[in-house]
Amino acid sequence: MACFYLLLVLLTVTSGCRADSMLSVSAFLEDSVALPCGHFYKKDLTSGLRMRWIKYSTDTSEKKVILSWPETSQDAKHVKWGSDEKGTMSLILTNSQKSDEGIYICEFCLLWNCTLRNISLRVKDCKVRPAVKVAHSTPFQLNCSVDIKGQKGPLNVSWVLLKAGEPSPLISERVEVSGTSLVIKSPSISDSSWYRCSYTYGKNHGCYDIRMHVQAEDVEATTFQQAEDVEATTFRQVENVEETIFQQANRTTEQSGDTLTAALSPVITVAVVIAVLAGVYIYWRRSQQTQRDSEGAVREIECIHDYDYPVTLMPSNDLSDSSQEFNRIYHHLENDSLHTCK
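Reminder that position 58 of the sequence shown reads as 58 in full-length UniProt numbering, one-by-one numbering, no gaps.
No wet-lab data here; the hints were simulated from the structure.
Check each hint, because a few of them may be wrong.
To be verified - With a Cα cut of at most 27 Å, we get these calculated DSS-like pairs of lysine-lysine:
| id | residue 1 | residue 2 |
| --- | --- | --- |
| 1 | Lys127 | Lys185 |
| 2 | Lys203 | Lys149 |
| 3 | Lys124 | Lys185 |
| 4 | Lys133 | Lys80 |
| 5 | Lys152 | Lys80 |
| 6 | Lys127 | Lys149 |
| 7 | Lys152 | Lys185 |
| 8 | Lys152 | Lys133 |
| 9 | Lys86 | Lys63 |
| 10 | Lys64 | Lys133 |
| 11 | Lys127 | Lys152 |
| 12 | Lys127 | Lys163 |
| 13 | Lys124 | Lys149 |
| 14 | Lys63 | Lys80 |
| 15 | Lys98 | Lys133 |
| 16 | Lys203 | Lys80 |
| 17 | Lys185 | Lys98 |
| 18 | Lys124 | Lys80 |
Said to hold, decoys possible - Label pairs and their calculated CB-CB ranges:
| id | residue 1 | residue 2 | range |
| --- | --- | --- | --- |
| 19 | Pro167 | Lys203 | 20 to 26 Å |
| 20 | Ser145 | Asp84 | 25 to 31 Å |
| 21 | Asp84 | Ile189 | 23 to 29 Å |
| 22 | Thr115 | Ala135 | 22 to 28 Å |
| 23 | Val65 | Val128 | 30 to 36 Å |
| 24 | Ser172 | Glu62 | 17 to 23 Å |
| 25 | Thr88 | Lys152 | 16 to 22 Å |
| 26 | Asp20 | Glu173 | 51 to 57 Å |
| 27 | Lys86 | Lys152 | 37 to 43 Å |
Quick caveat, the model's predicted, so the values are computed rather than measured.
Using N, Cα and C, we set each Cβ at its ideal position, and we do this for glycine too.
My request is simple: use the sequences and hints to build the entire structure.
Okay, here's the thing in structure tokens:
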């Protein structure tokens, strides 16, 4: 194979053409496939456009021209030219077979400017159907799609297990073929694999590869645990939201309290000043009243001292006479109660 690719490189260098990188194309058995070559315009068809397809067999490295433009090779059997709406010229292989596998080289030349397009074609035995998932221990059936339109004759369908890409017979009491379907009575993990159905119906025949995956028994428990985790996560998120709202409410309350305090501060200050002034005023009034009372008492004492009353100490046997003298002085003071000191 290394010598084969070396030969391709030598052919590219000696021809003086520009070669593109290798393009890989896959096709299914008996399907049509397009191998793109190059882009052209309608005017190129009359201005020296030359094209040809060369096929190299992968086993013998044999070179064969299978199609050319404007001349057509005698070996062209199930191949033809094709082009899309963008003007890309392609080689169309109809009813592809395993013998069509190999390396294809398209020489696309416009005057002396040539381009080589290298394409590797692989023809697969069977078409691939979408993979299916099966619950553990739950009966399931794989269906083989068969085109029965316009066909007559017996229908034959067979199923095999693919191991490393190679067909292997199905040996199990838990599987059986029913019509075009493969019934698996109690799927287990070991049944996860590739399965192939092959059919012949009249002139039609084909096969399909299907990948079946059997889920584990603890999938339900895992799903339940995931649901619990989601619920716990949601609960934590709700708690976080509530905590955030609570913190915002606290901040709002603190801000409101600060605003109220700021608004009441001038009022409180004025009230304190008024209370202090009132206290000073009351203290001053009481001080003045006390001072006036003290001055009045002093004047009364002075008035009393302005009168000179003779006082004579007597013996105890003259107490009766002394009592009479005291009464005389008391009546005298009552008569002088309107006296004012100056």
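Going down the list of hints, with the structure as the test:
no.: 1; hint: Lys127 - Lys185; result: holds (26 Å)
no.: 2; hint: Lys203 - Lys149; result: holds (11 Å)
no.: 3; hint: Lys124 - Lys185; result: violated (30 Å)
no.: 4; hint: Lys133 - Lys80; result: violated (41 Å)
no.: 5; hint: Lys152 - Lys80; result: violated (31 Å)
no.: 6; hint: Lys127 - Lys149; result: holds (19 Å)
no.: 7; hint: Lys152 - Lys185; result: violated (32 Å)
no.: 8; hint: Lys152 - Lys133; result: violated (34 Å)
no.: 9; hint: Lys86 - Lys63; result: violated (30 Å)
no.: 10; hint: Lys64 - Lys133; result: violated (46 Å)
no.: 11; hint: Lys127 - Lys152; result: holds (23 Å)
no.: 12; hint: Lys127 - Lys163; result: holds (17 Å)
no.: 13; hint: Lys124 - Lys149; result: holds (24 Å)
no.: 14; hint: Lys63 - Lys80; result: holds (19 Å)
no.: 15; hint: Lys98 - Lys133; result: violated (31 Å)
no.: 16; hint: Lys203 - Lys80; result: holds (24 Å)
no.: 17; hint: Lys185 - Lys98; result: violated (36 Å)
no.: 18; hint: Lys124 - Lys80; result: holds (21 Å)
no.: 19; hint: Pro167 - Lys203: 20 to 26 Å; result: holds (23 Å)
no.: 20; hint: Ser145 - Asp84: 25 to 31 Å; result: holds (29 Å)
no.: 21; hint: Asp84 - Ile189: 23 to 29 Å; result: violated (47 Å)
no.: 22; hint: Thr115 - Ala135: 22 to 28 Å; result: violated (54 Å)
no.: 23; hint: Val65 - Val128: 30 to 36 Å; result: holds (33 Å)
no.: 24; hint: Ser172 - Glu62: 17 to 23 Å; result: violated (45 Å)
no.: 25; hint: Thr88 - Lys152: 16 to 22 Å; result: violated (40 Å)
no.: 26; hint: Asp20 - Glu173: 51 to 57 Å; result: holds (55 Å)
no.: 27; hint: Lys86 - Lys152: 37 to 43 Å; result: holds (42 Å)
Hints 3, 4, 5, 7, 8, 9, 10, 15, 17, 21, 22, 24 and 25 from the list above are not met by this structure, while the remaining hints are.
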